[in-house]
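**Student:** Listed here are the chains, written in short residue letters.
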Amino acid sequence: MTTTVTPPQAKPKPRPLVKRRPAATTREDRLVSLGCAVSATLLTWFVLHLLLTSPGRLADLVVAYALYLAMHYLVTRDRLGKLAATDRLVSTVVVTGALGLLVPLLFLLGYIVVKGAPYLRWAFFTHDMSSVAPSAPATDTGGLHAIVGTLEQTALTLVFVVPLGLLTAVFLNETRSRFRRPVRVMVDAMSGLPSIVAGLFIYAALIIPGIQSGVGLFSYNGFMATLALTMVMLPTVTRTVDVVLRLVPDGLREASLALGASRARTVWSVVLPTARTGVTTAVILGIARVAGETAPLLFTSFGALGMNADPFSDPQESIPLFVYRYVKEPLENVQQRGYVGALVLILLIFSLFAIARIVGRDRSKRKSRATKPNRARNAQENR
Amino acid sequence: MTVALPRPDPSPPGSPVKRAVGEVLSRADRVFRRVTTGAGLSMLAILVVIGFFLVYRSGPALDASGFGFFTTIDFDAANGKLGVVGLLYGTVVVALIAVCVAVPLSILAALYITEYSSGKLRGFLTGLVDLLAAIPSLLYGLWGFSFLGPRVAPVSAWLTDNLGWFPPFAQKENALFINSMFIAGLVVSLMVLPITTSVIREVFTQTPPGEKEAALALGSTRWGMVRTVMLPFGRGGIIGGSMLGLGRALGETIAVSLLLPQIPQIATHVLQFGGATISGYIANNSGASGLALSGLMAAGLVLFVFTLATNFTASVVISKSRSGAGVDA
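Read top to bottom, the protein sequences are chains A and B. Numbering of the first sequence is given in the working numbering, commencing with residue 1 and proceeding in unit increments. Numbering of the second sequence is given in the working numbering, commencing with residue 1 and proceeding in unit increments.
Treat the hints as calculated values from the structure; they're not laboratory data. Mixed in with the good hints there might be a few duds.
So, partial list: chain A residues that the calculated Cβ filter (under 8 Å) puts toward chain B [to be verified]:
hint: 1; residue: Val-170
hint: 2; residue: Pro-194
hint: 3; residue: Ile-196
By construction, the Cβ of each residue, glycine as well, lies at the ideal position given by its N, Cα and C atoms.
Produce the complete structure using the sequences and hints provided.
**Tutor:** This is how it looks when you write it as structure tokens:
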């Protein structure tokens, strides 16, 4: 518009961009929260301990929490008005709900570690229970047979689940069959199949006739447990892999098909490699789920005290069965054996989970590296 | 490009004539299609076979007790009295308690994860929910039985003393407060929590951002936005997630088998010792044979049908809530 070129004068400094965040907590807010918390605690103590007799610590907590909410609401209404007060009230409740997720987990972990750790010895990993007297102290516990059983059964389960689950997920995503809908509904329904029913089914369909006709393979053994576990793990793995495959961009598929590749080739060389980390995570989480499954084993692998490395004949122990058997006993040293097993089980599941997270994170890291320059550029353009 | 005005009849090589693209499958593709279809259908087959064998094995029990199986409370094969009502009642009560505890908590947790937390914390909490799902039922049961149970008993006692006029909280004289359906429900609720939270969270994250921003831009508070946009949008997901959780709770086995005495009965007093669930009863009687075993199979069949129906409804509700929102997921 103006054509006169103004002499280069000192540009007025652009006001620093300050993001206004109406929902952010200010220092004052924090002080109010702190004040309310302190006065709620004191009031609770005064009422429940000086005026009345408190029914217990939980009651203290509940009363104090309710008082805190009420006080905080009133103070904020005074300061900022009714809308803001309701908003803050809900925020507090929501945070409490999220804590409700965390607290039981911490208690659970703490309890099992405290109960199991004092009796866990290296010997647990080197011998079985056949030579340990029932009255022996819990530090003598041996769990090698259970660990071997769990490893073998899980590995065998994977042999069935990985191909079948992958193929089903590919079927759901990459084909245009008219059976896709019923199959997806069935997979959903099956993922809620009670695990005990899976065990009962194997028992009814294979083990009873097997024992009657004397076929060794269809009797109480690790392989039967594997079949039951397959039924538990298959739907979960299929569903997760299904979700992961859905995340593969259609552009990649179309590019491959446009280059003349067949559908099978596209799935094998494009879709599955792209989804590899996600599939791995799904499988590892599936393993974690199966490793702790107990109910179907009661009807299938049955459990044993001694070592049985052959999953195809005779009852076989596994860690969950080991725990289940011992914690039900009344004797203290025997119960402690159960807690040792529980500790080992939880360690196993945590390490599996950690591996899954690491494998899964790999991909997200790469992604964030790829997007970061973009974000920086966008920020510059906006300015 | 080139526009052939009157189409030249004998098309010279290279002219744009529409070619019929028939789907001629290569051999690899045919094999691929067959194999994947086979895998998909095997899933259907497994469910059908499970149902068939449960019906087949439960035949003797259903023959012996006839329709009485669905009206008798006791489950006592030695006296020929077989019934599923007592077991089914316990199963449903425990599952309902679990869902009532878990659903409000998971709505809050899902809200926190999607709306209130930020960046790293969100990833951490999402991982935490996955971790909660990976912890075996056995460990929850173990913890509930030896740690939570004794600590919840005083709460139950207090509820009875002060709210005893409410029938479920009443109890008989001198009854114990441990191993009650209430405690079992609490423990099962912990196991239901991950599945409901992740379903609800997923629905919440699919809320159209435009509508959320519109609400905020109109001057709504965060709670106002949640109440007017996210909760109505996520209602289908909340209902579906709850039902999915209910299905999980119905089938929960080991924790319940450790926690409850497994006596089939209809006890309205949920706070006191007693109760049984189908899955827990089956687990505790895994050595049964003959008619008792057949009765267990029949009970398992009832459980199977029940959970399938619940899950089926849940998945329909969830998928409806998604497709209705125009988001294909």
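**Student:** For this structure, which hints from the list above don't hold up?
**Tutor:** none
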